[in-house]
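K.L.:
Given chain W, put chain X in place with the hints provided.
So the protein sequences, as listed, match chains W and X.
Heads up: the first sequence begins at 1 in my numbering, then just goes up one per residue.
Heads up: the second sequence begins at 1 in my numbering, then just goes up one per residue.
Bear in mind the hints are in silico, worked out from the structure with no lab data behind them.
Treat each hint with caution, since some may be false.
[Unchecked claim] Only pairs whose alpha carbons sit at most 25 Å apart, straight line, appear in this in silico DSS-like list of lysine-lysine:
(1) K122(W) to K302(X)
(2) K74(W) to K24(X)
(3) K24(X) to K126(W)
(4) K14(X) to K24(X)
Bear in mind that the values here come from a model prediction, so they are computed numbers and not experimental data.
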Amino acid sequence: MTALVTLRNVTKSYVRGKQKVEVLHGVDLQIAAGEFLALMGPSGSGKTTTLNLIAGLDQPTSGEVVVGNDRIDKLSRGALADWRARNIGFIFQFYNLLPVLSADANVEVPLLLTNLSRAQRKQRVKTVMELVGLSDRGSHKPNELSGGQQQRVAIARAIVADPTLLVCDEPTGDLDRQNAEEIMNLLKALNRSQGKTIVMVTHDPRAAEYASRELHLDKGKLANEEVRHVA
Amino acid sequence: MKYFPLIWAGLWRKRTRTIFTMVKIVVAFLLFGLLQGINQGFGTVLRDLNVDRLYVSAKTNMTDGLPIAYANQIRAVPGVRALSHWTYFGGYYQDSHNPLPAFATDPEGLFQVYREIKVKPEYVEAMKKTRTGVLISDSLAKKYHWKIGDRIPVGTSIWTNKEGSNTWFFDVVGTMDLSATGGGFPGFYINHSFFQEAAAFGNGVVHYYLVGLNDPKQATQVAKTIDAMFANSSNETRTQTESELAQMQLKQIGDINFIVNAIVGAVLFTLLFLTANTMMQSVRERTSELAVLKTLGFSDTKVLTLVLIEALLLCLFAAFVGLALASLVFPVLKPIFGNFKMPMIVVSMGAGMALLLALVSGFPPAWRAKRLNIVDALAGR
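Next comes chain W alone, as it looks inside the complex (with noise of 0.2 Å):
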């Protein structure tokens, strides 16, 4: 097994107003290639932590945070961005989509970052759109979409630029039960049968349940981890 994430003894320490909190305790982990885990864990546990760790959006206090050949604990805050640009994924629990964009443009965005053409980016966007199954909704802005549609939109922006690595931050946190099983059902689908390496952040078991590991995070500490095969 190939590992495409390595987080080897992985401390973050912030400061919030004069305390020092240490929300990582010498983390350890591994993430394989084509890998789908779920990082779960009581609220301040430091998930999301690790997650932005894992994708680049912040720096460790100390420990190493390797990401395919790439030692990103050690790149700039410019370097960092154009890796993630390149390299990274991401699904917030909130969609954060821009709300005077359409879900076509939402979608693009990323592509804005490389140097394709704009017939290209347009026809990247035309198929991921027809892949999360809103190729009629192109047009419309994200207050016109439901909360599972801009999810989806969400997840198009995310593949667009063919990431290596897909984080999602509690992605079916504010969607009902069907909306979110349609979430992870498509999740699902991308580490499937596109091979993509899915770390997901949740609180719901259920969601969960559709990863391939599950690892348990406890007060900045990984506590347990459950192995799933799933067929």
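P.N.:
Relative to the frame of chain W, chain X by itself:
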């Protein structure tokens, strides 16, 4: 260019606020364009004024007047091509709300000095033959629907006639085309000889001698000669070129340059804060959206640039509209200021001011966007 839809959409995120901000900038640059345009226009007009004409008035004050007897002596000065004179009549038509730019003059000499005035010779002849005759500009004729043969009652608060009345009657004998003389040129001329006979006082006096020169290069020399000729007399003279006279008259209104710069400076300074506040508010509202852009891989510099371009678009577009409106207003002001046009220097200055406004007001929010921490912004901190 590929980022344009993103920037444009950001600009119109709060449509009403953007429109109001634009309106403020448009009005400010309309004011800037008009005031600077008029200021520059005055300068251009002053530069373009004829230097082959001299104005001779009493050294103490124009209203003190000069003896009509000076005419022959001035005419005899070497370099003088033609001579006429003006005496301010300052009347009004029907009531004082309709002032008339009326002067008593020697019509024949006047048109030799002002060769750019277009008038038919038969009208000048008719003026000479009609003691109560008056030559009026085309614009006055049009304004009051006067035509040749009309008898016009003209009131004056200055001159009483020998009948003891302040109402004078004049007969329209001809019209003049003053389009080549610029705005504000007097357009109502009565015979000085009739005025002298009919006025109860002020006989034998003129307010200005108008001197036409053979060669503009002789202006200084001729002026010195005229003033020297009457030095130490009871009626000393002050001889000025047309440009000097206009500058002196403008200074009586005030230092236009200073007033214009002070107003424009105050307006733009206020605008700077308004625009900066709008941009800052706009960036503050978009904190999470800017964080998402950074999450997707937009670098700090790219986000800074996007916000700055947004400020540039807002300011430059609105400034362009303001300046364009100002240039459209100039033809409307033609009767007041003459044939002014928006000088290119004002357009360039306006573009420079808009650029400066955009950079100064856009930079603080752009810097804030650049410094935005993704994790904190996404967590709403």
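K.L.:
Work down the list of hints and note, for each, if the structure agrees.
P.N.:
A quick look at each hint next to the structure:
Of the supplied pair hints, the one linking K122(W) and K302(X) holds, its CA atoms being roughly 22 Å apart against a limit of 25 Å. Restraint check: the Cα-Cα separation between K74(W) and K24(X) comes to about 48 Å, which exceeds 25 Å; the hinted pair is violated. Of the pairs offered as hints, the one joining K24(X) and K126(W) is violated, with about 41 Å between alpha carbons and a cut-off of 25 Å exceeded. The hinted pair formed by K14(X) and K24(X) meets the criterion: a straight-line CA distance of about 16 Å does not exceed 25 Å.
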